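J.: Dock chain B against chain A, hints included.
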Amino acid sequence: MPPRPRGAPEPAERRELLSAGDVARTIARMAHQVIEKTSLGASGASPVVLLGIPTRGAPLAARLAQRVADFSDIQVPVGTLDVTLYRDDLRRKPTRPLGQTALPPGGIEDALVILVDDVLFSGRTIRAALDALRDVGRPRAVQLAVLVDRGHRELPIRADYVGKNVPTARTEEVHVLFTETDGRDAVLLNRAGERS
Amino acid sequence: MRHLLGTDGLSPETALAILDTADGLKRTLLGREVKKLPTLRGRTVITCFYEDSTRTRVSFEIAGKWMSADVVNVSAGSSSVKKGESLRDTALTLAAAGADCVVVRHPASGAAHRLASWLSHTNTSVVNAGDGTHEHPTQALLDMATLRERLGGVEGRRIAIVGDVLHSRVARSNVHLLTSFGADVVLVAPPTLLPTRVGDWPVGAAGSLRVSHHLDAELPTADAVMMLRVQAERMHGGFFPSAREYSIAYGLSEARAAMLPDHAVVLHPGPMLRGMEIAPAVADSPRAAITEQVANGVHVRMAVLYHLLAGEEDAA
Numbered sequence: 050m051p052p053r054p055r056g057a058p059e060p061a062e063r064r065e066l067l068s069a070g071d072v073a074r075t076i077a078r079m080a081h082q083v084i085e086k087t088s089l090g091a092s093g094a095s096p097v098v099l100l101g102i103p104t105r106g107a108p109l110a111a112r113l114a115q116r117v118a119d120f121s122d123i124q125v126p127v128g129t130l131d132v133t134l135y136r137d138d139l140r141r142k143p144t145r146p147l148g149q150t151a152l153p154p155g156g157i158e159d160a161l162v163i164l165v166d167d168v169l170f171s172g173r174t175i176r177a178a179l180d181a182l183r184d185v186g187r188p189r190a191v192q193l194a195v196l197v198d199r200g201h202r203e204l205p206i207r208a209d210y211v212g213k214n215v216p217t218a219r220t221e222e223v224h225v226l227f228t229e230t231d232g233r234d235a236v237l238l239n240r241a242g243e244r245s
Numbered sequence: 133m134r135h136l137l138g139t140d141g142l143s144p145e146t147a148l149a150i151l152d153t154a155d156g157l158k159r160t161l162l163g164r165e166v167k168k169l170p171t172l173r174g175r176t177v178i179t180c181f182y183e184d185s186t187r188t189r190v191s192f193e194i195a196g197k198w199m200s201a202d203v204v205n206v207s208a209g210s211s212s213v214k215k216g217e218s219l220r221d222t223a224l225t226l227a228a229a230g231a232d233c234v235v236v237r238h239p240a241s242g243a244a245h246r247l248a249s250w251l252s253h254t255n256t257s258v259v260n261a262g263d264g265t266h267e268h269p270t271q272a273l274l275d276m277a278t279l280r281e282r283l284g285g286v287e288g289r290r291i292a293i294v295g296d297v298l299h300s301r302v303a304r305s306n307v308h309l310l311t312s313f314g315a316d317v318v319l320v321a322p323p324t325l326l327p328t329r330v331g332d333w334p335v336g337a338a339g340s341l342r343v344s345h346h347l348d349a350e351l352p353t354a355d356a357v358m359m360l361r362v363q364a365e366r367m368h369g370g371f372f373p374s375a376r377e378y379s380i381a382y383g384l385s386e387a388r389a390a391m392l393p394d395h396a397v398v399l400h401p402g403p404m405l406r407g408m409e410i411a412p413a414v415a416d417s418p419r420a421a422i423t424e425q426v427a428n429g430v431h432v433r434m435a436v437l438y439h440l441l442a443g444e445e446d447a448a
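Protein sequence lines, in the order shown, are assigned to chains A and B.
Heads up: the first sequence begins at 50 in our numbering, then just goes up one per residue.
Heads up: the second sequence begins at 133 in our numbering, then just goes up one per residue.
If you are wondering where the hints come from, they were derived from the structure by calculation, not from laboratory data.
Just so it is clear, the structure is predicted and the values come from calculations on it, not from any experiment.
One should not assume that every hint holds.
Claimed, not checked - Facing chain A, according to a computed beta carbon distance under 10 Å, are these residues of chain B, among others:
{"no.": "1", "residue": "W333"}
{"no.": "2", "residue": "H439"}
{"no.": "3", "residue": "L440"}
To be verified - From chain B, some residues computed to sit far from chain A (all C-beta separations above 12 Å):
{"no.": "4", "residue": "R164"}
{"no.": "5", "residue": "T423"}
{"no.": "6", "residue": "E444"}
What the hints assert, rightly or not - Distance condition first, Cα-Cα at most 25 Å in a straight line; then the derived PhoX-like pairs of lysine-lysine:
{"no.": "7", "chain 1": "B", "residue 1": "K197", "chain 2": "B", "residue 2": "K168"}
{"no.": "8", "chain 1": "B", "residue 1": "K167", "chain 2": "B", "residue 2": "K197"}
{"no.": "9", "chain 1": "B", "residue 1": "K197", "chain 2": "A", "residue 2": "K142"}
{"no.": "10", "chain 1": "B", "residue 1": "K158", "chain 2": "B", "residue 2": "K197"}
{"no.": "11", "chain 1": "A", "residue 1": "K142", "chain 2": "B", "residue 2": "K168"}
{"no.": "12", "chain 1": "A", "residue 1": "K86", "chain 2": "A", "residue 2": "K213"}
{"no.": "13", "chain 1": "B", "residue 1": "K168", "chain 2": "B", "residue 2": "K158"}
{"no.": "14", "chain 1": "B", "residue 1": "K158", "chain 2": "A", "residue 2": "K142"}
C-beta: ideal position from N, C-alpha, C; glycine also.
Pulled out of the complex, with its shape left as it was, chain A reads as follows:
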């Protein structure tokens, strides 16, 4: 991304990491990687299922599936997997509303499940997702796709598909915006305490 000139519309403490165009290109690249890495469509390859983690993993999974279909003519099943009830940090935050779990009609049994989330940070959401997944079926393998990896892992978890690696300070906040949930596409970096 080119350096932003002084006086740009985004204030310095609320930097735009990815524009709408960047988001689209990033998702397209991730779709190509998914097709390649899963040998999508090859004989003997496991069926692939994309499961988005609410809130913003859900639209990301849908878009990723759309791009995969555009490039490979294969429509991979998409669903959502809510992990709220499996979190280990519930007592540190006010009561969270539940998201929606909607598995594709074919289920996830013996499939290659790709978990999809917007930001990978501590890894605790993904740990919760692995527990949630165990309760709904037994996939052959599980992979992880994230739009932004911002570092600071607290668990031995890594992503198989990363849209963009962003070095951040722990106190900063990364906000992914999607048209479906936020009215526009962008990835923003906020200093501590700032709200988008």
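T.: Leaving out everything else, chain B in the frame of chain A:
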């Protein structure tokens, strides 16, 4: 949310959040072989029942267990209550023993509020599972969940609550919750089974409350009928001439059920007195949602425990 003591004092936002959580839990568990979520692992729920109960106690116990909480049941008949221990001492004992939540049913109105005030210096939450003739908030929430499913919502709907309103904590809790979601509630009962000052009941601004003594006049326009059990154990005196006469005037017979619009739902909080307030054929008909109420009860109580115990401590 610290305690759940009544629907009066429960904001519509919190009530809606609980109902939405209950929906989510129901969807999550639908079709699952193993109905077990790790959410409340390590939390302890003690149910403390000073009155007989099947569905409420079982429902809370299942709700706690499906959320992985440790559930301990205390019933007055087999505890130190029998030796003369006061409610306050029992409550402090349960809290000291490590209860994160005490679910209490008691014959005295206001018992749950007293319990909550005695436990205010602890972190223990109190859920009112029925206090005398006062409130039974989880019943109202599960009725609301059932009506949302069957009717899509209660705003602008006419709900008739029929029978022993005088002794009914279910009616009281329902009136406040239903009206705060915009329902028009009519209490149908003989004058002897109506409290003298229904006008003083807290009514949600979005809905309305009125009283009728004529069941037949209310049925053709009702979207739902909630039949109440005649609570003989709380009746000391002649509230009506005979069971047969009551049944003829206020029982939901097959002929009466036929007067309802096609979409109307029949609810009963249980336990039912078949042949008294409701005819067996009506209770078993497709328009009756009585077993759905019980099933929803588990999800609603899971949601209540989730909102009480899963979030940050002392969160509002």
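J.: State the violated hints by number, sorted upward, taking the hints as numbered earlier in the document.
T.: 1, 4 and 6
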